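Protein chains in written order, with the working numbering: chain A, -15 to 79; chain B, 4 to 495.
In case anyone wonders, no lab produced these hints; they're calculated from the structure. Worth double-checking, as some hints may not be accurate.
[To be verified] DSSO-like cross-link-like pairs, simulated, lysine-lysine; straight-line CA separation at most 30 Å: (1) B:112 with B:39; (2) A:56 with B:273; (3) B:422 with A:-3; (4) B:422 with B:39; (5) B:87 with B:71; (6) B:361 with A:-3; (7) B:339 with A:76; (8) B:339 with A:56; (9) A:56 with B:244; (10) B:87 with A:56; (11) B:339 with A:-3.
Bear in mind the structure is a predicted one, so any value in this text is a computation, not a measurement.
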Amino acid sequence: MSVDTATVRHIAKLARIAVSDEEVAALEPELNNILGWIEQLQEVDVTGVEPMTAVIPNQLRLRDDVVNDGNKRDDVLANAPNAEHGFFAVPKVIE
Amino acid sequence: MSDLTDLTVAAIRDGVRDGAFSAREVATAFNANVEKGRALNAYVVETPDHALAAADAADAARASGDLKPLSGVPLGIKDLFATKGVQTTAGSNMLGGFEPVYESTVSGKLFEAGAGMLGKLNMDEFAMGSSNETSAYGPVISPWRRNDGGNAPLAPGGSSGGSASAVAARLCPGATGTDTGGSIRQPAAFVGISGIKPTYGRCSRWGVVAFASSLDQAGPMARDVRDCAILLEAMSGFDAKDSTSLNMPVPNWEAALSGDIRGKKIGIPKEYRIEGVPAEIDAVWQQGIERMRDAGAEIVEVSLPHTKYALPTYYIIAPAEASSNLARYDGVRYGKRSPGEGGIDGMYRATRHDGFGKEVKRRIMIGTYVLSAGFYDAYFNQAQKVRTLIARDFQKVFEQVDLILTPTAPSAAFALGDKTSDPLAMYLNDVFAVPASLAGLPAMSVPAGLDGQGLPLGLQLIGRAFDEQGVLDAGLALEERSTFTHRAEAWW
């Protein structure tokens, strides 16, 4: 499987990364080079093999369903590029 | 008192305890070395006051008889660890100026154990790289130089390149590193120091900027095996804030440390003999085998048949997890924001275009592609199945042997710029390190010798899950027989 420039643009859109024409032109061969190389995994017989979900057997823990944090609004907003009135501020979403 | 910077973590701890010198003298000496070593670009933030405050606390603790395990020991902290009130950027412009309001579990444990912080160490951007050249702060330079007189600046390896360079150049006695696919072991090998990646889950990932969560593990980098045992002991332990944290006691690795490995069986995987690897790597490996034999271990040829698929498997799984983890950098909650055009979506796209470097974008794109509709089964699911087979290979081999001995990296350090134009050539650096990462196993690099150009080469020991002790013991047996005392001549 190989990607063309339209696919590169589509991937960039999914990843929310702006790309210029020059960047698309550079990425196409780079991505194809890497994808061509990982293609070799197709030759491995995985019949009856389960995909790995946990590398070390470990039980996922549950915690009590209670608030154990809170009152940290200012901490949460401390590094926001733009915080207003105790909220994250973003460009207008609804016209 | 500049000779204080030649001391190991153990020697500093013991010297402070015994009153041979004060912790303040140690911190002052290392602070001076950090300043002198700026040409190496190992530190991105210097925190001399933090080191001095911890030193003063250590000196007071000695006076009151309250010494802690790491009292008096100043450390370097990789910039991937969130440090409260101290800029944490993961080597990325995306997090420029980010000052965490909390402390990562691992750095917090080290500070609670009495250690101080000399500064934050440079690294590949978001830990994606094997040479430290993807850092937004520019590459770290290895203190080592080839003996050919050319003085080409060499890569310290990556992604924990700042940690490696700083320890090797005596800008700290020990440092934290993180290892997703070799990022502790390969740089340790490149600069002639030791480093261990513990079993997945030993060290909490809480507060460690996420790259590939099923692979990321913190670990120490230091001058010798004992120091690694000491630091790992302080860094490890259950943490309810990390859902994959191992809920089991932390062994006293240092107290139990012993180079006596008589009767241990050590596997030599034939698949690690790959074409194109310099003869010097093979020679150092063979020498390591002889040293293990000399230590009374039994050498067994073993097979890990899926080894050649480990690297392509890694380069599906790690980018896939990265594309998901790095979705959080959206210009809203923290880090950089570029205004862009076209409302909030344009802001996202502009922010991520400007904030991420080339290699990070490349990996996000690969990860996005292999997870996208129609390709998930062919790529991601297939890789997760092959990962199961790779882990199974190790399980079978560990029924026959106690440890596995391999080279750490397929070459000595290369020059800066040598591999930047070819991502695949760069990825191949981790060919021997990645399999143990995919299987979550403890693995360590110890210095083993020099190549013809006078550059360090390392050997890797891989152990069973939870058997850090076995890895450290065999590492010590190797260290005792390698007597690696070489160090880079200071030119900086």
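Next item on the list: If any of the earlier hints don't hold here, list their numbers in rising order.
Entry: Violated hint: only 2; rest satisfied.
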